[in-house]
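Heads up: the sequence lines are chains A and B, in that order.
Numbered per my numbering, the first sequence spans residues 16 to 412.
Numbered per my numbering, the second sequence spans residues 187 to 606.
Fair warning: there could be bad hints in the mix.
Stated by the list, open to error - Once the Cα atoms are required to be at most 25 Å apart in a straight line, the calculated SDA-like pairs of lysine to any residue come out as:
(1) B/Lys-546 <-> A/Met-94
(2) A/Lys-325 <-> B/Met-377
(3) B/Lys-546 <-> A/Lys-325
(4) A/Lys-292 <-> A/Met-94
(5) A/Lys-181 <-> B/Ser-368
(6) B/Lys-337 <-> A/Asn-149
(7) A/Lys-181 <-> B/Leu-210
(8) B/Lys-553 <-> A/Lys-325
(9) B/Lys-191 <-> B/Leu-461
Worth flagging that the hints you see were computed from the coordinates, not collected in a lab.
All of these numbers come straight from a predicted model, not from anything done at the bench.
The lines below spell out each chain.
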Amino acid sequence: MNRILAIFRKDTLLRFTSPIEWAFFLILPIFFTFLLGGGTGSSSDQRIHFFVVDQADSPLSAALITELERSSAVRPSVMSYEEAISEFNERQISAVLILPPRFTIETLQAGGVEVELRQQPNNVRAFAIQQGVNTALTRVSSAVDIAAASTSRAELITPFPSPDQKQAFFNAALEDAYAQLKQAPQRLAEVSAGTEDKIQYDPNANSAAGQMITWVFIPLIGLSAMFAMERQLGTLRRVLVTPTSKATYLAGTVLGQVLTAVLQMVILVGFGALVLKLKWANAPAATALIIVTSALAAGALGTMLGTFVKTEAQGNGLSIMIGMVMAMMGGCWYPIELFPAVIRSAAQALPTYWSMQGMLDILVRGQGVRGVLLESALLLGFALVFFIIGVARFKYE
Amino acid sequence: MTTRKLFQIALKDLRLIFRDRSALVLMLLAPFLLTLGMGAITGRFSGSDTNSGVSDIPVALVNQDGAQLGDALVEMFTSADLDALLAPALLTDPAAARAAVDNDEYAAAILIPAGFTASIIPSPAQSAPPHPVQVEFYANPTRPTSAGILKAILEAFLGRVEVSRIAGQVTVSRLLEDGIISADQAVQVGMSAAEEMAQSTDAGSTIRLVTTMEGGGAVAFDILAYMAPGMALMFLMFTVTYGARSLLVENRQGTLARMLISPTTSTQVLGGKVLGIFLTAITQLLILIGGTSLLFRLQWGNPLAVVVLVLAAAFAATGWGMIIAAFLKTPGQIASVGSAVMLIFGLLGGSFFDITMLPKWVQTLSKVSPNAWGMEGFLDLARGGGMAVVRTPVIALLIMGALLFIAASFWLSRRGLARQ
Numbered sequence: 016m017n018r019i020l021a022i023f024r025k026d027t028l029l030r031f032t033s034p035i036e037w038a039f040f041l042i043l044p045i046f047f048t049f050l051l052g053g054g055t056g057s058s059s060d061q062r063i064h065f066f067v068v069d070q071a072d073s074p075l076s077a078a079l080i081t082e083l084e085r086s087s088a089v090r091p092s093v094m095s096y097e098e099a100i101s102e103f104n105e106r107q108i109s110a111v112l113i114l115p116p117r118f119t120i121e122t123l124q125a126g127g128v129e130v131e132l133r134q135q136p137n138n139v140r141a142f143a144i145q146q147g148v149n150t151a152l153t154r155v156s157s158a159v160d161i162a163a164a165s166t167s168r169a170e171l172i173t174p175f176p177s178p179d180q181k182q183a184f185f186n187a188a189l190e191d192a193y194a195q196l197k198q199a200p201q202r203l204a205e206v207s208a209g210t211e212d213k214i215q216y217d218p219n220a221n222s223a224a225g226q227m228i229t230w231v232f233i234p235l236i237g238l239s240a241m242f243a244m245e246r247q248l249g250t251l252r253r254v255l256v257t258p259t260s261k262a263t264y265l266a267g268t269v270l271g272q273v274l275t276a277v278l279q280m281v282i283l284v285g286f287g288a289l290v291l292k293l294k295w296a297n298a299p300a301a302t303a304l305i306i307v308t309s310a311l312a313a314g315a316l317g318t319m320l321g322t323f324v325k326t327e328a329q330g331n332g333l334s335i336m337i338g339m340v341m342a343m344m345g346g347c348w349y350p351i352e353l354f355p356a357v358i359r360s361a362a363q364a365l366p367t368y369w370s371m372q373g374m375l376d377i378l379v380r381g382q383g384v385r386g387v388l389l390e391s392a393l394l395l396g397f398a399l400v401f402f403i404i405g406v407a408r409f410k411y412e
Numbered sequence: 187m188t189t190r191k192l193f194q195i196a197l198k199d200l201r202l203i204f205r206d207r208s209a210l211v212l213m214l215l216a217p218f219l220l221t222l223g224m225g226a227i228t229g230r231f232s233g234s235d236t237n238s239g240v241s242d243i244p245v246a247l248v249n250q251d252g253a254q255l256g257d258a259l260v261e262m263f264t265s266a267d268l269d270a271l272l273a274p275a276l277l278t279d280p281a282a283a284r285a286a287v288d289n290d291e292y293a294a295a296i297l298i299p300a301g302f303t304a305s306i307i308p309s310p311a312q313s314a315p316p317h318p319v320q321v322e323f324y325a326n327p328t329r330p331t332s333a334g335i336l337k338a339i340l341e342a343f344l345g346r347v348e349v350s351r352i353a354g355q356v357t358v359s360r361l362l363e364d365g366i367i368s369a370d371q372a373v374q375v376g377m378s379a380a381e382e383m384a385q386s387t388d389a390g391s392t393i394r395l396v397t398t399m400e401g402g403g404a405v406a407f408d409i410l411a412y413m414a415p416g417m418a419l420m421f422l423m424f425t426v427t428y429g430a431r432s433l434l435v436e437n438r439q440g441t442l443a444r445m446l447i448s449p450t451t452s453t454q455v456l457g458g459k460v461l462g463i464f465l466t467a468i469t470q471l472l473i474l475i476g477g478t479s480l481l482f483r484l485q486w487g488n489p490l491a492v493v494v495l496v497l498a499a500a501f502a503a504t505g506w507g508m509i510i511a512a513f514l515k516t517p518g519q520i521a522s523v524g525s526a527v528m529l530i531f532g533l534l535g536g537s538f539f540d541i542t543m544l545p546k547w548v549q550t551l552s553k554v555s556p557n558a559w560g561m562e563g564f565l566d567l568a569r570g571g572g573m574a575v576v577r578t579p580v581i582a583l584l585i586m587g588a589l590l591f592i593a594a595s596f597w598l599s600r601r602g603l604a605r606q
């Protein structure tokens with residue numbers, strides 16, 4: 016045990032001698048988590064902001080803008096065409112809704128109108144804005160559609176004596192339609208599955224968990240570089256001629272890095288809970304289980320990789336590349352549900368996938384230890400397989 | 187002679203870096219793999235039209251209504267129109283459906299209770315308005331996007347049903363008030379009006395939403411045209427810091443001193459090394475552009491404009507590499523800081539997602555990175571722009587590079603590096 020602790024102390028001192036190491040250990044993970052985990056939201060209004068260009072200035076466009084302002088998902092701001100397009104081209108805004116001059120009730124009565132929603136590419140906010148705008152358009156157009164249908168029906172039974180009387184009928188029907196739509200009963204009851212206390216999905220939780228896994232996996236896979244460095248410098252050979260078994264050396268090196276990673280995750284979890292108000296504290300035992308098993312799986316992968324790489328530079332390069340690819344494919348950067356079915360299935364071969372699922376079970380589904388047992392068991396399985404391969408190859412050092 | 191020495195030193199460094207397999211992993215293999223991965227994630231390689239991999243969303247349907255509207259709802263979710271998007275399953279037990287959602291087998295369960303149709307289409311014998319009956323949408327919280335899509339489809343259906351019902355009511359109430367129909371005609375007229383409205387809403391709304399990505403109509407945008415430059419620019423920072431690192435490595439190993447005692451001035455040595463970094467950066471970007479164009483059939487845009495943008499981005503990035511080398515003391519420090527800068531610039535510059543999703547102050551801050559300007563230029567080129575659209579990014583990158591070079595030269599000379 017003393018030797019293991021001595022190796023752990025040596026590695027920790029070596030690693031944290033350079034102040035730059037603190038950038039990777041704490042500063043960058045906190046920076047990325049804060050930025051992507053929603054920590055920068057200064058406004059109390061969390062709705063997605065977008066611009067509306069009202070070229071019609073009609074009662075219909077006013078009704079649409081009122082409907083958009085009532086939305087729980089999006090927040091419109093009316094701008095001139097030039098200002099809106101300028102900001103859009105500078106990528107300062109996710110989408111711009113352009114209401115053309117002919118956006119009037121009369122045009123709808125006559126057959127319909129098109130409105131343009133200009134969106135930035137690769138922008139999920141733009142997609143959400145599209146949904147919000149569609150909902151508002153449906154509500155506004157429905158009243159006009161109902162009034163137009165009623166008027167047509169009345170005209171079929173008895174033609175109107177004059178256009179004024181037809182318009183009066185239409186206006187009265189439109190008023191009725193607005194009133195009835197406003198009083199329409201709720202036909203949909205939404206229930207969130209698997210959560211006892213109605214935990215709402217929080218996209219910030221997804222980002223925070225994903226960033227944590229990314230920033231912990233990369234340095235742990237970078238264990239491979241540490242092995243390669245010691246091999247290159249000759250210190251590994253010197254350690255192994257001492258009365259220190261290979262098992263002790265491995266245990267000290269790997270467990271030391273895993274403990275450091277666990278400490279790093281605890282700090283990030285604390286940051287997430289206190290600053291970003293994430294629900295890590297809901298299930299501390301489950302959180303601890305996922306943290307430890309994830310660190311073991313990553314450390315084992317780094318150990319295995321360390322027996323394949325020849326130089327420290329190779330190890331560093333591969334750890335960044337493999338860490339980033341595994342994080343991305345495991346759903347740490349983008350929600351896994353967005354992936355095609357084939358990719359979703361293939362991702363289950365990665366430890367990052369199961370780490371992410373375990374953290375989402377805690378943060379989003381509000382599950383406890385029982386809910387993350389499967390993920391923890393699989394992560395331990397990964398750790399075992401990687402360790403067996405790594406130790407088997409290390410025997411021949 | 188001077189130029190020849192510059193190029194000799196530059197080509198020497200270029201050869202060295204391209205012989206270093208570990209450097210090639212991060213210069214070429216990593217951006218390529220990440221671009222490939224992102225393309226797979228977004229369904230780009232599966233021929234998806236939506237620039238998203240969302241398809242075959244699993245949904246459980248339980249229809250206890252057994253009447254017109256319940257059947258219509260099930261028919262809609264199982265229709266051929268939604269075949270590519272949804273993977274519906276018809277179940278009979280609501281509890282089993284909920285349990286399956288809890289087990290993450292479905293993105294949601296839609297439970298249509300008994301009496302749903304009767305609550306909307308009352309029987310003629312009914313005197314009082316029917317009590318509203320709600321459809322239960324049991325959502326999987328770990329699949330918010332899929333559940334959101336299902337909810338939007340369900341809400342659209344329920345919205346059309348409600349509009350049809352109200353159309354019938356409004357038509358009847360107005361016709362009765364104006365004396366156009368009598369009370370015993372009300373039911374017939376109301377049903378007919380509602381059915382007609384249902385058919386017209388199926389055909390589409392009178393307000394049609396057209397989505398575009400640039401003025402003048404919809405443009406088919408290749409999502410890889412966003413991802414590929416993002417990854418190329420991010421790993422460009424690794425390349426330039428690796429090259430800058432070589433300056434300190436040569437200083438440590440003594441090869442720099444040997445070069446300086448040859449008939450080569452310190453300016454030529456430094457200039458050659460900077461040129462080497464610049465050429466390496468250009469080569470990296472051109473290989474990635476060529477590779478993605480050939481393998482993924484990616485259209486980067488106007489070739490001349492792409493080359494000009496590549497030169498400008500490489501110039502600015504090289505400036506950053508030199509300023510990092512000027513301030514740091516050891517190759518190890520440069521390697522660590524280089525990796526950190528690579529990731530930060532990648533995030534700020536929009537390599538992972540559109541930065542309009544980030545706060546304004548972050549978007550302003552991102553302008554210090556060559557990534558942000560490079561992304562702006564490459565995106566505009568991918569949308570079909572020519573030389574004119576890259577003018578601003580190119581000028582910004584050249585100014586950035588020039589300022590960084592001046593600062594780096596000043597600091598390096600103060601340190602006495604490469605001094606004879």
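Evaluation of the provided hints:
1. B/Lys-546 <-> A/Met-94: It holds: about 18 Å lies between the C-alpha atoms, which stays within 25 Å.
2. A/Lys-325 <-> B/Met-377: violated (79 Å)
3. B/Lys-546 <-> A/Lys-325: Distance of about 45 Å is beyond 25 Å: violated.
4. A/Lys-292 <-> A/Met-94: Judged against 25 Å, a Cα distance of about 34 Å means the pair is violated.
5. A/Lys-181 <-> B/Ser-368: holds (20 Å)
6. B/Lys-337 <-> A/Asn-149: holds (13 Å)
7. A/Lys-181 <-> B/Leu-210: Violated - the C-alpha atoms of B/Leu-210 and A/Lys-181 are around 76 Å apart, more than 25 Å.
8. B/Lys-553 <-> A/Lys-325: violated (39 Å)
9. B/Lys-191 <-> B/Leu-461: holds (11 Å)
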